[in-house]
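Take the given structure of chain A and dock chain B to it, following the hints.
Going line by line, the protein sequences match chains A and B.
With positions in the first sequence counted from 1, the corresponding number in the numbering used here is that position plus 54.
With positions in the second sequence counted from 1, the corresponding number in the numbering used here is that position plus 242.
For the record, the hints were derived by calculation from the structure and aren't laboratory data.
Just so you know, not all the hints are guaranteed correct.
[To be verified] Covered stretches of chain B, going by a simulated chain A footprint (3 or more residues, C-beta under 8 Å): (1) 409-416; (2) 424-437; (3) 530-543.
[What the hints assert, rightly or not] If we take Cβ atoms under 8 Å as the criterion, some of the chain A residues that face chain B in the derived model are: (4) Leu159; (5) Val160; (6) Thr162; (7) Leu163; (8) Trp205.
[What the hints assert, rightly or not] With the Cβ distance kept under 7 Å, some of the chain A side facing chain B (calculated, not the full set): (9) Pro142; (10) Ala143; (11) Ile146; (12) Arg158; (13) Pro161; (14) Glu167; (15) Ala174; (16) Tyr177; (17) Gly336.
Quantities reported herein were computed from a predicted structural model and do not represent experimental measurements.
Note that the Cβ used here is the ideal one computed from N, Cα and C, for glycine as well.
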Amino acid sequence: MSVPGDAAVSPGTGDGRVVVDLRGIRKEFPGVVACDGANLTVRAGTIHALLGENGAGKTSLVNVLGGVYLPDAGEIWVHGAQRQFHSPADAIAAGIGMVHQEFRLVPTLTVFENVVLGSAPRYLDMGQIIERVSHLAATYSLQIDPSRPVWQLSVGERQRVEILKALWRDADVLVLDEPTAVLTPAEAAALGLTLRSMADRGRSVIYISHKLDEVLSVCDEATVLRNGVTVAQPRSLVGIDRSDLAEMMVGEAAAAIQRPTDQPSGDVVLELAGISALSDRGLPALHAVDIDVRAGEIVGIAGVSGNGQRELAETIAGLRPTTAGTMQLAGVEVTGASPRARSRAGLAYVPEDRLGVGLAPTMSVVDNAVVRSYRSMRRRMMLDLQSCEDFCRRLIERFGVQVGRLHEPISALSGGNLQRLLLGRELTGEPKVLVAAQPTRGLDVAGIAAIQSQIVAQRAAGVGVLLISEDLDELLALSDRLIVMYEGQVAARMDPTQATRAEVGAAMAGTATA
Amino acid sequence: MSEDAVIGLLVATVQFATLVYLAGLGELIAERSGVLNLGVEGMMAMGAVTGFMAAIATGRPWIGFAVAALVGMATAGVHALVSVIMGAGQVVSGLAITIGGLGFAAFIGQDAVRERADAVFTDQSIVGLSDIPWAGPILFDQPPVVYLAGILGIAAWFVLTRTRLGLALRAVGESASTTDSVGHSVTMLRSSAVLVGGAFAGAAGAFLSLYMAAGWTEGLIAGRGWIAVALVIFGAWRPGRLAAGSLLFGFTLALQPRVQTFDLSIFGLEVNTISPALLGILPFLLTVVVLIAISFRARHRPSPAPAALTLPYRREER
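Looking at chain A on its own, in the form it has when it is part of the complex (with noise of 0.2 Å):
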């Protein structure tokens, strides 16, 4: 990653013709005004940055460029004339290319029907479209191989296909709805060369992230949303640092992570001895896993996604089952207990993936609240309504989520209320150890801010915190000791206090000796 205003901010080459205009845009849901008043303008030829709080109106903005929604209020100008999309199919057909956060993917099929999925031709001459889709993914240096099916991808190779799903249909704009959120730093620096190579054809991407850094070297333009409204649209980000962009965002100077203070660390919580696993697809995931958490202290879990830490969540959790070792919850042997059992050990577990493990997307805000503790909440044989809804007042209040109605699905909160309220749940009834996996991951400024504020609350109020993250600076400025996991190992322990981001890289990458 390149420091601001550096030489990898590359001029455009657009002419300044704009490709794109949205003026005005309103979009309301039940309960929630997504956009009021978005501006979005996009020059032929550059990379256009959309930056803002989760629930500031990105998504929302880009997915009426794109024809999901119907805007309420407002007009889209594309390449000077103002259109209304339908449905999708208007807006591709329109030059409007769409990568969204969920891949829209086919799993069972393969790169290259997903590719032409859409616009194939009548008859599907396979070596043709092969060809034709190889020859694509060369030219904007994507690598992929175009006869595999999408389930065996991974999750870079997935985002390469969306991309190409665009190209195929010549898409003139491109719009990347937080690109790099699932991606390694290599992958995410192939895909930075990919966006230039096609701005550098005269293509438009719009750039939809969190990572400041990342909006600093890669774009050349942007625009600012808050509370779904445009607050500013820099026509050039030389001589803008990160600061400034934050300020912009949020409205003031994002405040810093907070170090926690020195504090004596108690009795040993969480203990793995020897823990290993197997992954979804029945190959070890983890081998001879020990890690002991203590009261009153965070543990770090750092590591390049995808070795080992979501399996060793899921098994602490237990959600996933052992294939050796041992594991001890507060005293109280949990191996091969129930997550029903652990969680009445003591547990609280913050999953990766919120929306779906974390959280049931259909039932409503108040369901949700209530689902780890509504045993409390009996009349007799019944639930009792009216202390569930108290109960899930007290923890909104507690915790700032913003919801429209309490009965309505939780699906329609974004990515930072969810966060807040899945934490603020898990943290009834006094846990004593807290596992949470990648909580911060895809949050805005101020919901990263409350998340980590609660797990130094948390740490200070005597609980074992088991964080795993990929965010290294915040591992490094919250955690007490960090473990380095490298394919399903420990490949490091070091101090946060004195380890260099070189040195945890290099453990990261396997490079380094345990």
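What follows is chain B alone, placed relative to chain A:
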């Protein structure tokens, strides 16, 4: 056991296979688009009775066959309307089609029960091939519907795997939102697949009333629609495996009425002591075995079932 008896058994096997293959192929097309239609039994009944009546009225079995396909399509149209367009539960809607279709077919067929079948399909031997020993009478001296089923199977395979339409159809059965996002109409694709499925089921019903039974009675379908539904699972949602499965299921169906006449002993087991009722459950037993095999394999790779099967789709949900 005589050679004639064996050939007779295998001729009947091909015909029963054709029956469940036609209906199963239609169900496969619908399910590949993501719509489970449990109304096959009802659609077959509707096709069987109307096809029979139309053939009597016009004296031409092909007209009866075409009418049966159209009526099957219309019956499936109810399922398309309720479950695809209105987004109601596919299971409930499909069961309603079966129950309603069986009842309605019995109602309109009250007078047809006593009719004698003159206008039925006859065997059509293929010159040059029907004289081959064994294979000739079994494969090439059959009613034209048998040949048609083979052609339709190849056509369905070609459309599903080698055309834009087939790609869209397979995609919409896996993920409707993805297919929608690239500009295909989910409603159009799924409704069409359900309608085509209905036409196939109706035609299968007509094959029963215009050839195999050569008549109409209430209860004529006798669970063959459900066998077609099971066959789609057994065939892992692929036309080729569906064909293989239909021969196997067809064999058990053909064996059922004959088994007690066979004077044959296998490993000391007198075949004629096997209960026909037990044979009747064999297709379902085999389907359960396949389901278990699929779920074991699913640990390593995606299930062959369309991922969006039974899931209704509505846009602009978040």
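Which earlier hints can't be squared with this structure? Those not satisfied: there are none.
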